[in-house]
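Chemist: Protein chains in written order, with numbering that gives the first Met the number 0: chain A, 0 to 481; chain B, 0 to 488; chain C, 0 to 93.
If you're looking for bench data, these hints aren't it; they were derived computationally from the structure. Incorrect hints may have been included.
Straight-line distance between alpha carbons at most 30 angstroms, and here's what the computed DSS-like set of lysine-lysine pairs gives [what the hints assert, rightly or not]:
| # | chain 1 | residue 1 | chain 2 | residue 2 |
| --- | --- | --- | --- | --- |
| 1 | A | Lys245 | A | Lys180 |
| 2 | B | Lys86 | A | Lys126 |
| 3 | B | Lys400 | B | Lys250 |
| 4 | C | Lys4 | A | Lys84 |
| 5 | B | Lys131 | B | Lys400 |
| 6 | A | Lys84 | B | Lys400 |
| 7 | A | Lys180 | A | Lys438 |
| 8 | A | Lys394 | A | Lys444 |
| 9 | B | Lys268 | A | Lys84 |
| 10 | A | Lys444 | A | Lys460 |
| 11 | A | Lys386 | A | Lys460 |
| 12 | A | Lys444 | A | Lys370 |
| 13 | A | Lys180 | A | Lys346 |
| 14 | C | Lys4 | B | Lys86 |
| 15 | A | Lys438 | A | Lys478 |
Quick caveat: nothing in here was measured; it's all calculated off a predicted structure.
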Amino acid sequence: MSQNTATEYEAVIGLEIHVQLSTNTKMFCGCQLQFGADPNTLTCPVCLGHPGTLPVPNEKAVRYAIATGLALGCSIAPRSMFHRKNYFYPDLPKGYQISQFDVPICSDGELAGVRIHRAHMEEDAAKNIHVGESGRIHGAGRTVVDYNRGGTPLVEIVTEPDIRSGAQAREWLQLLRATIKQLGVSDVNMEEGSLRCDANISIRPVGATELGTKTELKNMNSFRFIERGIDAEIARQTALVNAGEKVRQETLHFDPSTGSLTSLRSKEESHDYRYFPEPDLVPVAPPAELIEEIRASLPELPLEKADHFENGLGLSVDTARFLAFNAEIGAYYQEVLLEAGADVDAKRTADWVTGELVARIGADADPAESKVTPVALAQLVTMVGEKKVTNAGAKTVLDRLVESGGVPEQIVEAEGLAAMGDGDELAGIVDAALEANPKAVDDMKAGNMKAIGAVIGFVMKQTQGRADGGEVTRIVREKLGL
Amino acid sequence: MSADLIALSAAQAAVALHAGEIDAAELFSAYADRVAGEQIGAYLWREEGNPLVERPADFRSTPLAGVPIAVKDLFCMEGVPSTAASKILEGYLPPYTATSIARLQAAGASVLGKTNMDEFAMGSSNENSGYKTVKNPWDETRVPGGSSGGSAAAVAAGLAPWATGTDTGGSIRQPASLCGLVGLKPTYGSVSRYGMIAFASSLDQAGPITRDVTDAALMLKYMQGKDERDSTSTGLPDEVELPSATDLNGKRFGVPSTIDWSGVQPGVKAVFDAAVERLTALGAEVVEITLPHAEHGLSAYYLIAPAEASANLARFDGVRFGLRSEGEGLTAMYENTRHDGFGAEVKRRIMLGTYALSSGYYDAYYGRAQLVRTKIADDFRAAFNKCDFVVTPTSPTVAFKVGERVEDPLAMYLSDLFTVPMSLAGIPAISVPAGLATPDGAAQAAPGDDGALPVGLQIAGPAHSENALLDAAFAFERATEHMPAPWER
Amino acid sequence: MIERKDVEYVARLARLRLSEEEQERMARELGAVLGYIEHIEELDLSGVEPTSHVVDLVNSLRSDEVRESLPREAALANAPEVVDNGFAVPAAGS
Ligand SMILES: [Mg+2]
Ligand SMILES: [Zn+2]
């Protein structure tokens, strides 16, 4: 029987991540970096590649690259060089990209079980915008180049092929992103392209050590698409191999709207980039003291943070990791805790953030950009803890906060959502409930406390959820002498 | 009056301007008039106004007080046509000015025009200009040398008191030698490369082409210096001094015993031998040294320089500036633009450089050339333990006939035999007029001999030895019989 | 020594259109130059470190301070073709 089982395959995935550094200026010139500026307003002779101009590297970018490497457990090269990577494309003003080749600034690191092969410095390309007919004589479509982005400092991180699934890739990338975000060296905003990811994917029979032919999946611009794209490519390769066909080495594009993978037209010649040492630049040789200074100034990173959430605050492993790896949500959570003060329950606060709030705004959104301020959520969680509002009431308040912001206390007041405590009003409503449910009263007296459900239901309906279930039970028991 | 103005060297003119003996605007006009009528193809662009009339205050209190200067077309100047003598940059108006030129301007030099050159500084004869060939003022049937041939011809013809040049493998020294002038290639890094259209970045250095050694020192003084826009620039450690040495007592001059004289014209050899004797007469000690790898310098140079050039010239793609030749689609546009815009020699070097870097050939060619470069630098280090300066002829031949070597690139490349080793080692070297040879290069000649052509002596020193080098060249110049330049006749 | 197909390949890499005749000539001339250059193969260069630069400098960096960019008109002034305030070229492949 076992010999009839189809071979099982495992995927082998390596990632290449380009991170734009959030320096003030470009990698090799003093032009300002600014997303969304008018086209070609942030250029100079250097980043337009004018004849005779020369690059001068940005000290801050070098520092950020070192910090990134250290956060990823890399060794920092005592002396690294820049190289020219030669190819023609309109978004590449000099006809070569200044990058690093045989000696990258960072190498041999590891993050959460995924080994980092290298992390090197380079400059970003400009932006090509395809327009249709230009209205000019040439008729055919034109590509229009905006050099504002050209020359933005990048760190390119290349992992070893240590990832095995789309889900793992997604979770690991979220950790990487949170780590870089925490470092403060990049906005890591996927929509604006400050974090870009390519994946190299191959499959092999489980237990095999040799790597299969890999394909490259390009430019996926959200974590969800990365997971889906990788899984789709694994499925495609598995189907091919099962059908007795071969995987072809190619570059693919994943279309998230259709779930399809399309082969990108291969470049006209092989990748003969003719790398050679950049003669316009001298080596980067960071002194050991500088490296130690940067190491000492690294902030608490997400892996440490997850540990703190789990073991220090008592959150579950999953919640701790979710908060630590989702940089914005984690940061928001910590701020809510800070606003709420010492008495608040960290676990319950985490539930409000990762459960209720995320459910309302979406896991990809930054809560700090929602209308719910950390102060407001802290106040709401505190009110729940103090039983000033019930869970049900608090959810209504949160709905209002997400819609239009505001102060929880005022919303509770305005909408009459305050929890009913042990006051006469609640006792009166309980009386009415008992009167309206004689059968339930009999059942309870006969020892079937489950029957209280009908009574509580009545009270809740009457109070529109403002009554505290526990309090109602206490009053019922008291009144019935149970 | 005008002739008297032209007779002044740059240094003399600066002194006379400061003393109020001559008028800066008149000096400029005297040259500008000559430039307007020039027939030797020395200039590609000339200043039509007179900045000394238009903005006299810009010059009055400066060290150079308005002394006119010619600028090789390889230097970018804001709003001034800057083409590197290439069709691909026809009409290009840079939005900025090269640092070295800006420094000379700040010191009070006023630019007469841009001089012709071999396209992108690739050549040793100036026949590779995309616009016109330059004639050697000593004999208009001959080349002025290259690539700074326009600069050298302009100075030799009295079309400028001095001119900037650039030297990647000999492009200042060789035309200076062929035109009977002084040409200095400074230590790599002493003059900013920012704004100098790049040929081979690890070799390119700007420097002066002048009538005498004092002017060379004066120009270097104001063009050198560390520049924050050129991260390979260092400037010179010491202030450049005007030379004053009258003897060479205690100085040791090394003559490489490794020179293969078979490719050197007998007249050039004779002038060189006489020059070495003159050094001895000035008190110098002449010692024998070896530069065992110098003969491979040319090979290393013709791999490294084209390789760097192939990348440096990739930016000429018809997208942001310069020529565009349309084609069906992007690749055709690139290929047509570069086909139409570059001349034959530039294409040859782009091809050679691309080949040397391409997959499978890097180690055998570019990689190996870098190792040879190390050996050449080591050779010089060893030599400078035995001597203060190394001397060789600057060029193996006198100025050759226009057209003589155009069909044979290798023969043309051999013109750089003596100058490339210093470029590869990054050390300073100066060419000083040493004497004259007969037009066929067969024998030494005397001033006044019919058709006699100049021969230069190359003196090289260790990195940053410019002051000592200029002093040595100055002493040699004083002891050498004056050879009237064409403009003096 | 250098074949026509090498010439074609290198010309494509360098984005140079060469006519048939230019290709012929290029193969011949490059062959002659490479024939001369190849003498460096005979040198014993074991253990020699490459020199990509003669200057003995490291860490020639600039501080992260903004410098004024060019006005857009100046940036575009030399462009052969301008569309929508950008540098226009024939459509680039995806
Ligand atoms: Mg990259
Ligand atoms: Zn810029």
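Chemist: Quick check: which numbered hints come out false for this structure?
Modeler: Hint check: 1, 3, 6, 7, 8, 9 and 12 fail, others pass.
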